[in-house]
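**Student:** Going down the list, the protein sequences come from chains A, B and C. Each residue of the first sequence is one higher than the one before, counting from 1 in my numbering. Each residue of the second sequence is one higher than the one before, counting from 1 in my numbering. Each residue of the third sequence is one higher than the one before, counting from 1 in my numbering.
Worth flagging that the hints you see were computed from the coordinates, not collected in a lab. Be a bit skeptical, because a hint or two may be false.
To be verified - Now the stretches of chain A that chain B is said to cover, found in silico as 3 or more residues with beta-carbon under 8 angstroms:
(1) 13-20
(2) 35-46
(3) 50-61
(4) 68-74
Where a beta carbon is used, it is the ideal one built from N, C-alpha and C, also for glycine.
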Amino acid sequence: MLLIECPFCGPRAEIEFSYGGPAATRRPDDPAQVSDADWVDWLTVPENRAGPVPERWCHAKGCGAWLTVLRDTRTHDILDVRHGA
Amino acid sequence: MARFSFLELARQALSGHQGWPRHWRSRELQPRYDILIIGAGGHGLAAAWHLARDHGARNIAVLEAGWLGGGNVARNTVTIRSNYMRDDSIPFYVRSVALFDRLTRDLNYNTMHSRRGMVDVLQTWGMVRDRRRRRLTMDLHGATYRPMSVPELRRMVPPLTGGGPDARLPILGAEFHPDAAVNRHDAVAWGYARAIDAMGVEIHQNTPVRAILRGADGAVTGVDTPRGVVRADKVALAVSGHTTTLTETAGLRLPLRTINLSAFVSEPLQPCLDVIVNCPDLGVYLSQSDKGELVIGGATDLGQSFRRDVKQHVFEETVAAMLDLFPAFRQVKMLRQWGGHLDIAHDASPIVSATDVPGLFVSAGWWGGYKAIPAGGMCLAHLVATGTPHPLAAPFGLGRFRHLDYVLEAGTTTAR
Amino acid sequence: MAPERMAQGGRIDRDRVLRFRFDGRGMTGHPGDTLASALLANGVRIVTRSFKYHRPRGIMGAGVEEPAALAALAGAQGQGNVVPTTLPLRDGLEVRSIHGWPSVRCDLGAVAGLVSRLIPAGFYYKTFMWPDWHLFEPAIRKAAGLAPVPDTPPQGRYEVRNAQCDLLIVGAGPAGLMAAVVAARAGARVMLADEGLEAGGSLLARPARIDGAAAMNWVAAAVAELAALPNVTHLQHATAWGWREHGLVMVQERAPDHRGLIERGWRVRARHVICATGAIERMLVFPGNDRPGVMLASAVQAYINRWGVRPGRRAVVFTNNDSGHDVARELRAGGVELAAVIDSRAGASADDLPLLAGQVVQRSLGWRGLRGVEVAPLSGGKTQRIACDLLAVSGGWNPAVHLHSQSRGTLRWDDTIAAFRPDRTAQPSASVGAADGRFGLHQALQSGAGAVAAHLGLAMPDIPQAEDAPYRIEPLWSVPSATGSKAFVDLMNDVTLDDIALANREGYGAVEHAKRYTTAGMALDQGKTGNVNVIGILAGLQDAAPGQIGTTTFRAPYTPVSFGTIAGGRAGPALLPYRHTPLTDWHIAQGAVIYEAGARWRRPGYYSQPGESFQQTIDREARTVRQGVAIYDGAPLGLYAIEGPDALRLIEHACTARYGTLAPGMGRYGLMLTEDGLIFDDGVTFRLAEDRFLLSASTGNADAVGLHLEKILQIDRPDWRVRVVNLTQQWMNATLCGPRARQVLARLTDMDLSTDAFPFMGLRAGQVAGLRSRVARVSFTGELSYEINVRQRDLPTLWDALLQAGAQDGIIPIGSEANHVLRVEKGFLSLGHEVDGTVDPYDLGMGWAMAAKKGDFIGLRSVRLRRASGLARRELVGLLPEDPEVSLPEGAPITPGGRREASEGLVTACVRSVVLDRWVGLGLLLGGHARRGERVQVRLPDRTIAAKVVAPVFHDADGTRMRE
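Isolated chain A (complex conformation):
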């Protein structure tokens, strides 16, 4: 059970959060201008490093903030938490 430091509520247990998946790069403003291959890559290929990986968590059973959490997938060490992207 991770301990995630919500910027608004302080350190809270993982069970208060909803997982929102790996954090993709920002969604293209006009996807129609993106090539098929680039779109498929953006959509289906996550960052999958054995190391720090950005991911989204929503403090759903708390303040409702969507957070971007930089977590090391080898150790669970949380290196950064910020509100929004």
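We have chain A already, so just place chains B and C on it with the hints.
**Tutor:** Structure of chains B and C alone, referenced to chain A:
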């Protein structure tokens, strides 16, 4: 290879078992092979066996970062079944179950294969519908589900005393899957290893691959290891969890993420569960090993992880779910727990595929991959040997992502 | 008093007598006893038959390390696999030995021992293959499994508590207590957990001195000081069994002082952890090292000093290190005749002891119990026999590094103590005392105090005066005579030195291979006394150092922990909380069969009337909607208010339809897609004003839709000015439907209900039955329909008013089964049926809902990309079984020609239509839109059903009924 049998066991006993040969040998790493298989887990070893047996390939090396059979083949719940939902998946698993059935004889190594069946305990109408759909589709491909009444279920699984009419989720019915089996996972890995060693395939443990090497034309030329560069024109990856770590060294991005799945066993008990019991509404499944331990599994952890550990809340939910149906197990003690990491594809279905890098093949995305070992190995071998997908694995090519033409066995794509 | 109980000494209360039975024999013990000490005091030598060879086994340890003995408790407190050395003795215990038949003293299974040459490690991999494993498995299974399965749940309950602390100190021996005292005095929030019945650790078992007095005086003072401090939580009989990420340590408290509570689990979130977990003595590996009468030296010491029990009359000590010498002295002091001290170190000396240096025990002698030992020089030479009934063995000490390792700390091999000790930490923590390989008492106190001082930034405090006993060791992993005989490395799993050697010979020399091939270390004790011997043996076989062999993974739990403790109180509704609408109780009172709909809402499935069949009930309810009027509990429908200057942008980004053209007071149906271009949800969105909308979501997805919208706003579009408020539980609707709905509603409101004033898809605010209401004219049934939204607390009032107002029109409540019939007749999609996560809007013939003109929205790019590939899709069709009286099972596949091959579609729903008086179905069929009029075959295992492909609407195709 000394053939295993009772007679041989008796003969060796006379010499105090001093005469047994090694099941696999340690050898010099050669500078070049025809085929390199990365990962001496279930899928890698099975692929090597099928390459050697079905396709006559001999000049093969299996490179393993740690000890052979130390990946997910050592960390699963040995549940072998074919109760899938879609036409793309069922035939593959039907074949895998059939190959498992004969593995002991094929390998001359007792895998203690026990075709004891699995019963799905159904507690919501949605799950009843889901299982009916599976039953009717499975029938098209020779896999079997049989609806079962609640009294019949309770006779089959005596400790299942929860889920009565007043329970939070009363049991509505059950489906019995007689094809399901359990066996001894280490024996599967060791049996394959011993058999391929006898056919001349080399297994190199403690040989981690640091990078996949490509030539000027982009094609694979070999791999880099701490023991030196090893050349081959064909490299096949079967390294659950670590697939992207390796493919990225070849500049190849794959729609996979690595997640953790854990399991646990109880203290040994006298026999009380003769079948595998799966409770999909509560998210727990269990069986009893020949040693008497209850082997229990549940949901995957959220988030990516290479940690091979246990998330306490996921684990607690699994235990609480089990106790809701098996209240007498409250005083039974947990003996051991562990995690393993697997990679899951964007559409949650496996990938057995050639890649954009000529000569590089991957077998990945196995979520519940233990049951897929024989067929996965067979299909990977076929692909590496012939360059074309085996018909059973044709739906599992990487090409499907190009058109977002997913195989949605789980009915969903992974979270984004 | 029991025969082997000493007249005085020990920490037991001789004034009180506890009575218990062992295999039917009445015995006595005292408060302070464990089951093991009481059994030994009563002269019990054999308590267990071993797993594989059925060899007699006695008690060998004194705590969690116990490598051999197990027992079962019968009766109301019944449980199996009880470790006698950790079970506090209770009055009335009914104890049974394990694995003996007919009795543990005369075990017929012992014939397994006679064929033992045939069953070395891994023998089962090599045989039982012909003709089939199935023939052998039942017998093998029967032989396995030690304890019977409990057939009833235990009496009492379990609970789980959460706790936070600055410092969690695990172990209340000298190092842990010292650490706790220093931390507590400094004001830190301290939690101290110790697995023993009382604090003291190793001091409970040996006559040590602190500050010139008995060490237990210091322990008592420390415990009293901690008890008086408000910042300390001290748990005894509480094992820290698992260490997860982020400082989460799981503790199992076995005897919480609370009535009815069996055990309590603790989730302790600690900023810093001090591992003061002590050390565990190793066995020595020699032939017959399992014979009852062979015990760990530390256990012998504990039985004499702590429990006042003589574990034998004439003792031999066998050691490879200094700690055995102290035990020899204490044996003598306890009145046990000391026959010899066998020390494998050639240079060992002790003037006061009958020491045989450089010698080893070649084998133990005896039948069921120990009668003597055969001793010879390690370097070879003449053997001699020494009579004894107790052999105390010490193979050296292993720091208990389990917790440290679970936290992902690393280990290093230390030749000076011949053991693995903690190296680098992975989480904020320190190991102190014996757990860090500092076996002296002074070292323990100093490292305990020092670790806390360093962590809290204090000056090193003064510590009490104590002496370090010398500790020198020369490892002895096995004696030379151990090969070719039964010299055990794991007693519970009956693994011998020969098994390890065989594994190594056959290629299983990696420590994980050896463990798995032989099962060494995989029994209940998890190899606490034997695993390092295995590593040492493998090192010898491979001519390597133990550090190169490495350890197997230290997995949780440290000691077995009950599932009840892990789950705590979670069961039934506490495990799966459900939601009820303000009307759920009313539905139940009316005899409704309750279904659990999406998001765990309890809502009516159907209201059966006496004498009605299920089908008759559904027909009646559905027909009433088609012909009269009915109401439906729509409370769980998801509802969001979306407001702000960018509200329209958000909705058009998240939904497929166009809303900019929508007039205030009107709504439009739309779909929500995933970015993969697959349907995720559907619903109607109303415009209240230029910048205010109400978005409805399906019941099952209501929460997910809210998360989804917030994610868009907070992650992707933080610049958009929109507020999303979840109204699902604030506003709840009763749905009034049927051709007479208007006249019923008119009786309760003065709103103008004419189609001109209140058209289809309109939303009007006003009073209904005197309640503030929002009425939406939308339809999921295809009939005239009003969703009347009121505040949650008003819903029962509205419901009653509607029933009264509709009485003269024959109004009835309907459930979700009838709703299902009605929506299938109309071909309206249903999540979980047609929408199974694989379809896009075009598949369902809903391309019209894709308002591409408005520009990009979520899912559009992917839908276009996929469709551009031209791959054939499964598309929504209506299905009319050729025989109108035959239904199509939901989920049944459609196959080409009805053959038993891969399907080309499936039946998603099939109902008995009340308007057509026949079965009608919906399905997804490959290229289905172009196949209308075709005959297809639904394939069942035993037959096929022919059906005609038609448009997916069976009633009022142009929708006049809901619009008029």
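**Student:** Each hint: holds or not?
**Tutor:** A quick look at each hint next to the structure:
{"no.": "1", "hint": "13-20", "verdict": "holds (count 5)"}
{"no.": "2", "hint": "35-46", "verdict": "holds (count 8)"}
{"no.": "3", "hint": "50-61", "verdict": "holds (count 3)"}
{"no.": "4", "hint": "68-74", "verdict": "holds (count 3)"}
In this structure, every one of the numbered hints holds.
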